[in-house]
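A.B. asks: To get my numbering, take the position in the sequence shown, counting from 1, and add 1.
Careful: at least some of the hints might be erroneous.
Said to hold, decoys possible - Mimicking DSBU-like on lysine-lysine, the simulated pairs with C-alpha atoms at most 35 angstroms apart in a straight line are:
| # | residue 1 | residue 2 |
| --- | --- | --- |
| 1 | Lys77 | Lys167 |
| 2 | Lys189 | Lys102 |
| 3 | Lys102 | Lys133 |
| 4 | Lys77 | Lys215 |
| 5 | Lys124 | Lys167 |
| 6 | Lys215 | Lys155 |
| 7 | Lys47 | Lys70 |
| 8 | Lys155 | Lys167 |
| 9 | Lys102 | Lys167 |
| 10 | Lys133 | Lys47 |
| 11 | Lys167 | Lys215 |
| 12 | Lys70 | Lys124 |
| 13 | Lys47 | Lys77 |
| 14 | Lys215 | Lys232 |
| 15 | Lys124 | Lys215 |
| 16 | Lys167 | Lys189 |
| 17 | Lys102 | Lys155 |
| 18 | Lys133 | Lys155 |
| 19 | Lys102 | Lys215 |
| 20 | Lys77 | Lys155 |
| 21 | Lys232 | Lys133 |
| 22 | Lys102 | Lys124 |
| 23 | Lys232 | Lys167 |
| 24 | Lys47 | Lys102 |
| 25 | Lys102 | Lys70 |
Don't read these hints as lab results, they were simulated from the structure.
This one's a predicted model, so the numbers in the text were calculated from it and none came from an experiment.
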Amino acid sequence: MWRGCQRLFCTRPQASWLFLMTSPVEGPRLLLPGTARAYTPPTERKRFYQNVSISQGEGGFEINLDQRKLKTPQAKLFTVPSEALAIAVATEWDSQQETIKFYTMHLTTLCYTALDNPSQRNKDQMIRAALKFLETDTVCYRVEEPAALVELQKNEWDPIVEWAEKRYNVEIGSSTSIMGPHIPPRTKDIFTSHLASYNMWALQGIEYVITQLKSLILSMGLMERHITVEKAVLLSRLEEEYQIQRWGKVEWAHDYEMYELRARTAAGTLFAHLCSESSTVKHKLLQD
């Protein structure tokens, strides 16, 4: 049996007229000035629905919570372009037990962001934001000491950098300078063109992964299925793992951080793959 729905609460007055979401299926309720606060999603809420299903509508695939339609925080109808993505989102809602834990529902959150676009960014702005990480890419910043960490970075990071240079026919390199490596304009242009080949939904997932790993290169490795999520997370945390091996770890804290990063990275990667594959299939069908 499947279940789900989200309530958005308020924290601080932001304008004379504000909306409070009573639930994603009911839509917003207008509140009088002085009584509303800017809504923020709760971390948990008691589950109050029984069944979750998906259906196809005019705008795409929809999520049904019992007999009601799921809506976004801005009260838009929740629709996704891919049936596989709809099934994955529905599974998130269905997997919630007596308590809905919103912080575990990464695919749902990504869909909300793609549908509502709260920051009102266009595709070019998203690409520019993603490219900024190339200039400070995790795998391009190297240490000068200790020797063991220098060797570890070389052995683990050089192969993924070399793969990216060969795959995209670009020059990336690495640096021990605080300023980072010099990225040639041609390299930026090629990555710009490559990112532009994705649709807005897929790009949303890619940018999310980039922000998690702090690396455009590792994120492209995931999108090209060159590395696994586990490997990408390990490479993004190489220095932390080195320090843990040397000094030990706080068992619950370090493990929780790593598993959370894996979950977010996996969700973003799956989201991007499902959205880009949907777009590719539609493009091929139109050509045929």
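A.B. asks: Would you mind marking each hint as holding or not holding in the structure?
C.D. replies: Evaluated hints:
Distance restraint check for Lys77 and Lys167: the Cα-Cα separation of roughly 43 angstroms exceeds the 35 angstroms cut-off, and the hinted pair is therefore not satisfied. Between the alpha carbons of Lys189 and Lys102 the distance comes to roughly 39 angstroms, so the proposed pair goes past 35 angstroms and is violated. A distance of roughly 32 angstroms separates the Cα atoms of Lys102 and Lys133; the hinted pair therefore holds under the 35 angstroms criterion. About 31 angstroms separates the Cα atoms of Lys77 and Lys215, which keeps this hinted pair within 35 angstroms; it holds.
Between Lys124 and Lys167 the CA atoms are separated by roughly 26 angstroms; this keeps the pair inside 35 angstroms, and the hint holds. Proximity of Lys215 to Lys155 is assessed by CA-CA distance (about 18 angstroms); at most 35 angstroms being required, the pair is judged to hold. At roughly 19 angstroms between alpha-carbon atoms, Lys47 and Lys70 fall within 35 angstroms of each other, so this suggested pair holds. Restraint check: the Cα-Cα separation between Lys155 and Lys167 comes to about 17 angstroms, which is no more than 35 angstroms; the hinted pair holds.
The straight-line distance between the Cα atoms of Lys102 and Lys167 is roughly 42 angstroms, outside the 35 angstroms bound, and the hint therefore fails. For a cut-off of 35 angstroms, the pair hint linking Lys133 to Lys47 is broken: about 40 angstroms separates their Cα positions. Distance check on the hinted pair: Lys167 and Lys215 sit about 21 angstroms apart at the alpha-carbon level, within 35 angstroms; holds. This hinted pair checks out: Lys70 and Lys124 have alpha carbons roughly 28 angstroms apart, not beyond 35 angstroms.
For the proposed pair Lys47 and Lys77, the alpha carbon gap of about 23 angstroms is at most 35 angstroms, so the pair holds. A distance of roughly 14 angstroms separates the Cα atoms of Lys215 and Lys232; the hinted pair therefore holds under the 35 angstroms criterion. At most 35 angstroms may separate the alpha-carbon atoms for a hinted pair to count; Lys124 and Lys215 meet this at roughly 20 angstroms. Using a Cα cut-off of 35 angstroms, the hinted pair Lys167 and Lys189 holds, with the two alpha carbons roughly 15 angstroms apart.
Simply put, Lys102 and Lys155 have alpha-carbon atoms about 40 angstroms apart, too far for the 35 angstroms limit, and the pair is violated. At roughly 23 angstroms between alpha-carbon atoms, Lys133 and Lys155 fall within 35 angstroms of each other, so this suggested pair holds. Restraint check for Lys102 and Lys215: the C-alpha separation of about 26 angstroms stays at or below 35 angstroms, so the hint holds. Pair hint Lys77 plus Lys155 does not hold up; C-alpha atoms about 48 angstroms apart against a cutoff of 35 angstroms.
Using a Cα cut-off of 35 angstroms, the hinted pair Lys232 and Lys133 holds, with the two alpha carbons roughly 23 angstroms apart. For the hint linking Lys102 to Lys124, the alpha-carbon distance of about 31 angstroms falls within 35 angstroms, and the restraint holds. Between Lys232 and Lys167 the CA atoms are separated by roughly 20 angstroms; this keeps the pair inside 35 angstroms, and the hint holds. With a CA separation close to 9 angstroms, the supplied pair Lys47 and Lys102 stays within the 35 angstroms bound.
Between Lys102 and Lys70, the direct Cα distance comes to roughly 20 angstroms. Compliance with the 35 angstroms bound is thereby established for this hinted pair.
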